[in-house]
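Protein chains in written order, with this note's numbering: chain A, 2 to 468; chain B, 2 to 468.
Please keep in mind that the hints were generated in silico from the structure rather than gathered at the bench.
Treat the hints with care, since some could be wrong.
[Said to hold, decoys possible] Computed cross-link-like contacts, DSBU-like style, restricted to lysine-lysine with a CA-CA straight-line distance of at most 35 Å:
1. A:K444 / B:K406
2. A:K217 / B:K406
3. B:K444 / A:K444
4. B:K444 / B:K406
5. B:K271 / B:K404
6. B:K315 / B:K271
7. A:K406 / B:K217
8. A:K217 / B:K444
9. B:K217 / A:K217
10. A:K45 / B:K406
11. B:K217 / A:K444
12. B:K271 / B:K444
13. B:K315 / A:K217
14. A:K444 / A:K406
15. A:K315 / B:K444
16. B:K444 / B:K45
17. B:K404 / B:K45
18. A:K45 / A:K404
The model shown is predicted, which means the values in this text are computed figures rather than measured ones.
Number of protein chains: 2
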Amino acid sequence: MSSHPTFSPHDLAPALEGLHPELRILGPEALAGRHPGEDPGNLKAGVMAQPASTEAAAALISWCRANHVAVVPQGGLSGLVGGGTSLAGQVLLSSNRLNRILAIHVDEETVEVEAGVTLEALQAALAPHGLTTGIDLGSRGSATIGGMVSTNAGGILAFRNGVMRHQILGLEAVLPSGEIFSDMTRVVKVSAGPDLKQLLIGGEGAFGFVTRVVMKLESIRQHRAVALLGVADAARALLVAARLRRHPALMLEAAEMMWPRYVRDHAALKGFDLSWLEGGSALLLVEVSGESAEAAVTHLEEALADVWEEADLKGGLVAQSSDQARRFWDLREDSGFYFAAFPDAPSFDVSMPPSLLDRYVADLTERLSAIGDGYEAYVYGHIADGNLHIALAAPGPLLADLKAKVEDGVYAGILASGGSFSAEHGVGLDKRSAYLSHVDPVKQVLAREIKNLLDPERIFNPGKVPF
Amino acid sequence: MSSHPTFSPHDLAPALEGLHPELRILGPEALAGRHPGEDPGNLKAGVMAQPASTEAAAALISWCRANHVAVVPQGGLSGLVGGGTSLAGQVLLSSNRLNRILAIHVDEETVEVEAGVTLEALQAALAPHGLTTGIDLGSRGSATIGGMVSTNAGGILAFRNGVMRHQILGLEAVLPSGEIFSDMTRVVKVSAGPDLKQLLIGGEGAFGFVTRVVMKLESIRQHRAVALLGVADAARALLVAARLRRHPALMLEAAEMMWPRYVRDHAALKGFDLSWLEGGSALLLVEVSGESAEAAVTHLEEALADVWEEADLKGGLVAQSSDQARRFWDLREDSGFYFAAFPDAPSFDVSMPPSLLDRYVADLTERLSAIGDGYEAYVYGHIADGNLHIALAAPGPLLADLKAKVEDGVYAGILASGGSFSAEHGVGLDKRSAYLSHVDPVKQVLAREIKNLLDPERIFNPGKVPF
Numbered sequence: 002m003s004s005h006p007t008f009s010p011h012d013l014a015p016a017l018e019g020l021h022p023e024l025r026i027l028g029p030e031a032l033a034g035r036h037p038g039e040d041p042g043n044l045k046a047g048v049m050a051q052p053a054s055t056e057a058a059a060a061l062i063s064w065c066r067a068n069h070v071a072v073v074p075q076g077g078l079s080g081l082v083g084g085g086t087s088l089a090g091q092v093l094l095s096s097n098r099l100n101r102i103l104a105i106h107v108d109e110e111t112v113e114v115e116a117g118v119t120l121e122a123l124q125a126a127l128a129p130h131g132l133t134t135g136i137d138l139g140s141r142g143s144a145t146i147g148g149m150v151s152t153n154a155g156g157i158l159a160f161r162n163g164v165m166r167h168q169i170l171g172l173e174a175v176l177p178s179g180e181i182f183s184d185m186t187r188v189v190k191v192s193a194g195p196d197l198k199q200l201l202i203g204g205e206g207a208f209g210f211v212t213r214v215v216m217k218l219e220s221i222r223q224h225r226a227v228a229l230l231g232v233a234d235a236a237r238a239l240l241v242a243a244r245l246r247r248h249p250a251l252m253l254e255a256a257e258m259m260w261p262r263y264v265r266d267h268a269a270l271k272g273f274d275l276s277w278l279e280g281g282s283a284l285l286l287v288e289v290s291g292e293s294a295e296a297a298v299t300h301l302e303e304a305l306a307d308v309w310e311e312a313d314l315k316g317g318l319v320a321q322s323s324d325q326a327r328r329f330w331d332l333r334e335d336s337g338f339y340f341a342a343f344p345d346a347p348s349f350d351v352s353m354p355p356s357l358l359d360r361y362v363a364d365l366t367e368r369l370s371a372i373g374d375g376y377e378a379y380v381y382g383h384i385a386d387g388n389l390h391i392a393l394a395a396p397g398p399l400l401a402d403l404k405a406k407v408e409d410g411v412y413a414g415i416l417a418s419g420g421s422f423s424a425e426h427g428v429g430l431d432k433r434s435a436y437l438s439h440v441d442p443v444k445q446v447l448a449r450e451i452k453n454l455l456d457p458e459r460i461f462n463p464g465k466v467p468f
Numbered sequence: 002m003s004s005h006p007t008f009s010p011h012d013l014a015p016a017l018e019g020l021h022p023e024l025r026i027l028g029p030e031a032l033a034g035r036h037p038g039e040d041p042g043n044l045k046a047g048v049m050a051q052p053a054s055t056e057a058a059a060a061l062i063s064w065c066r067a068n069h070v071a072v073v074p075q076g077g078l079s080g081l082v083g084g085g086t087s088l089a090g091q092v093l094l095s096s097n098r099l100n101r102i103l104a105i106h107v108d109e110e111t112v113e114v115e116a117g118v119t120l121e122a123l124q125a126a127l128a129p130h131g132l133t134t135g136i137d138l139g140s141r142g143s144a145t146i147g148g149m150v151s152t153n154a155g156g157i158l159a160f161r162n163g164v165m166r167h168q169i170l171g172l173e174a175v176l177p178s179g180e181i182f183s184d185m186t187r188v189v190k191v192s193a194g195p196d197l198k199q200l201l202i203g204g205e206g207a208f209g210f211v212t213r214v215v216m217k218l219e220s221i222r223q224h225r226a227v228a229l230l231g232v233a234d235a236a237r238a239l240l241v242a243a244r245l246r247r248h249p250a251l252m253l254e255a256a257e258m259m260w261p262r263y264v265r266d267h268a269a270l271k272g273f274d275l276s277w278l279e280g281g282s283a284l285l286l287v288e289v290s291g292e293s294a295e296a297a298v299t300h301l302e303e304a305l306a307d308v309w310e311e312a313d314l315k316g317g318l319v320a321q322s323s324d325q326a327r328r329f330w331d332l333r334e335d336s337g338f339y340f341a342a343f344p345d346a347p348s349f350d351v352s353m354p355p356s357l358l359d360r361y362v363a364d365l366t367e368r369l370s371a372i373g374d375g376y377e378a379y380v381y382g383h384i385a386d387g388n389l390h391i392a393l394a395a396p397g398p399l400l401a402d403l404k405a406k407v408e409d410g411v412y413a414g415i416l417a418s419g420g421s422f423s424a425e426h427g428v429g430l431d432k433r434s435a436y437l438s439h440v441d442p443v444k445q446v447l448a449r450e451i452k453n454l455l456d457p458e459r460i461f462n463p464g465k466v467p468f
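Turn these sequences into a full structure, and let the hints steer you where they fit.
Put into structure tokens, the structure is as follows:
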């Protein structure tokens, strides 16, 4: 490649002005002091382009391609693996002005939506129609639909509804060539040649910039009951979840597990009374819906009584108010509490076939303690689909050889067991070594070749997956 | 490309013998007299390779690549668009000895299975565990899992469970290079880089030969009730389906609609008594499951009585025996009855957003009658996901200009409405002109480039999609 002029952020912003009437450019001054979101490197480019239309995004991308300027697609800046980090000389391409809900098809339970709408805003717009999204996750207030597409987000409901890939019917994107790729089908049955929008789903910005999608929806089930249960292990937690899934009058809405160290430290920090819990137990949070709030509570209490002995429950509380339910959920969703004690604690997001979880956690514990005294992990996650979040109870970042040992400890056996080293956060920058070690080499080569095909100059999210 | 030696079927079979101990070769003599399945061209190659392992398939493919011999992947020969047709000098690569069910994970509700297992055989193996597949279709006795992956099959349950793409967790395939692509995850949450197995799902044999998959399963719901209802239009049928979907004690298992001409001619052929049906009505077949057979029937009868007036039903029967239920289903599933009167009748498989179905069928009727007197269509299909099967009440094949007029009549407006010109049958050879006319040109180019990347010599299923 010949050498290209490089732009400083101060040169770049004026060069982008006027490319398209629906394109707003923010330069270093406008971005100064903005919160960078989950990754301190997110705004380092110092220049952000905010298209308000697909055509404006295409104009920006075409210019960047012609001028060899790298583009970093961004959504709600809630990514956890550095997939949106940037460098000076690059342009941030933000979806935040692509924020229109284009059409709600109430009878069909589908919605056409621009990529920059947050999950929470979409849910709020759907609620008056009795509808909601089939995917839900803790960062709903900031995560955008486009970002969720790009990381193939999973969240709380994946055990029943699958992940974003299973909810997206149609998709429009601007490719690195500047061309608009349009496949806005709103039907579930399509067998009309290769389904190339799948490259954009979970593509982490490597193959283009998602501008709009058609998503499946489902009816809101508003009558809920929540319980917090002491469990000995994942097998017992899964038994409870399975029983609730099959209950004729209930629908299981969440099954979230927290292992003992997470429970102990988080409850202590929050002043959460665990005197009812048999010491050293893990916690299982279950949420169900029913025909009425009373029915949900009654059926849940009965179902838990029925399964109590077989599941060897170590105590339990059914929330008596929505406030109490919220406090149960906070134990699970305020999961970053450990960063106060352990800044930059190395964290992981794996999935394992659920029946192998207990053995996996036992082996993990052993492998970490073999690294050195006191090496322990906080473990919690979406038990019914086998997705565990894991954080080392130690400050980060780790030195290279220690980092490698910890990663080996976390990832050992996952590929052979049919799990994944990244369940729902993506690869980004942070999981580069895991990708290189735990993805089939044939697939890695092919991913790189497809990247070269779509983005021969690698202007889209350079340095990120595929490597 | 330099000229390559071409093989006759009689030369080719001996040349393939001995490539791998787990590879069986059938030559022209062995194939003579075999039923070609749904397409008379399926066995024209005259040579079939039957690997019993992934490695044997890889050996065959590597040889074919080295010798510039085309490979036509085949499953149960039940494809309806000529996706498996072949020519002399090509090799049929059949999955029918890849017929092992490798592991049933009962608690996780997943199965690892080789590609050549038929849907019916898989369902039979799962039944003792109380499990079944989340996809079901009429050709279950011959359709293989690998073929269903390759066409992204949909069937009866897609309105709730989605299509094959939504059921496949893991996949292994041999690429045109002869390399083995392995991604046998058995978890639903994976965000570990580009998900390239999606190219093989719905890939119609263009990108490789699927050898094994991991599939999601669901619990069997064995207590069923079936009704046949007279309906004025799709809107009313969808109202009934929506009501049954929301019934707290029932689960909707099927909602299949047959338009009046289909009803009239098929009932007459079968001697099916329709004296209870208001003349000229369409028929809606619904199947539900409940806690017991009695509960299913009782709740279904009550629910139909409740919705009767609002849905303006034109008569109805609830099956009183499994025999009667089977006769109801035969009206829908023996859908090829019209080929007796109209050999090779041109047939189509489209999907439309359900709320647009009535207008679509009205417009279709008008467009066909504008072609000439008596041009009418049989219309029937999976109403809840908007998938219509359409057959012209005229013998085929049509001359080119008439064919173009009919295709225009069938496909007009589908793309702009967010539907698909091929819902679940694929593109194959037969839907080539529809693909060229109704797929985004940007996507067509990209599909061709990916094809060139994976299969530069185009040895895999040449002449089929992508064109």
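Hint-by-hint comparison with the structure:
About 44 Å separates the Cα atoms of K444 (chain A) and K406 (chain B), which puts this hinted pair outside 35 Å; it is violated. Simply put, K217 (chain A) and K406 (chain B) have alpha-carbon atoms about 34 Å apart, close enough for the 35 Å limit, and the pair holds. For the given pair, K444 (chain B) sits about 22 Å from K444 (chain A) by alpha-carbon distance, which is consistent with the 35 Å threshold. Our distance criterion of 35 Å between C-alpha atoms is met by K444 (chain B) and K406 (chain B), whose separation comes to about 25 Å.
Proposed proximity of K271 (chain B) and K404 (chain B) is supported: the alpha carbons are some 30 Å apart, at most 35 Å. At roughly 21 Å between alpha-carbon atoms, K315 (chain B) and K271 (chain B) fall within 35 Å of each other, so this suggested pair holds. About 34 Å separates the Cα atoms of K406 (chain A) and K217 (chain B), which keeps this hinted pair within 35 Å; it holds. With a C-alpha separation of about 23 Å, the suggested pairing of K217 (chain A) with K444 (chain B) holds against the 35 Å cut-off.
A C-alpha spacing of about 19 Å is found between K217 (chain B) and K217 (chain A), which places the hinted pair at or below 35 Å, so the restraint holds. The suggested pairing of K45 (chain A) with K406 (chain B) is violated, with an alpha-carbon distance near 57 Å, which exceeds 35 Å. Between K217 (chain B) and K444 (chain A), the direct Cα distance comes to roughly 23 Å. Compliance with the 35 Å bound is thereby established for this hinted pair. The hinted pair formed by K271 (chain B) and K444 (chain B) fails the criterion: a straight-line CA distance of about 45 Å is larger than 35 Å.
A hinted pair counts as satisfied when its Cα atoms are at most 35 Å apart, and K315 (chain B) with K217 (chain A) qualifies at roughly 32 Å. Of the pairs offered as hints, the one joining K444 (chain A) and K406 (chain A) holds, with about 25 Å between alpha carbons and a cut-off of 35 Å not exceeded. A C-alpha spacing of about 56 Å is found between K315 (chain A) and K444 (chain B), which places the hinted pair above 35 Å, so the restraint is violated. As the CA atoms of K444 (chain B) and K45 (chain B) are separated by approximately 32 Å, the hinted pair is consistent with the 35 Å bound.
With a CA separation close to 25 Å, the supplied pair K404 (chain B) and K45 (chain B) stays within the 35 Å bound. The straight-line distance between the Cα atoms of K45 (chain A) and K404 (chain A) is roughly 25 Å, inside the 35 Å bound, and the hint therefore holds.
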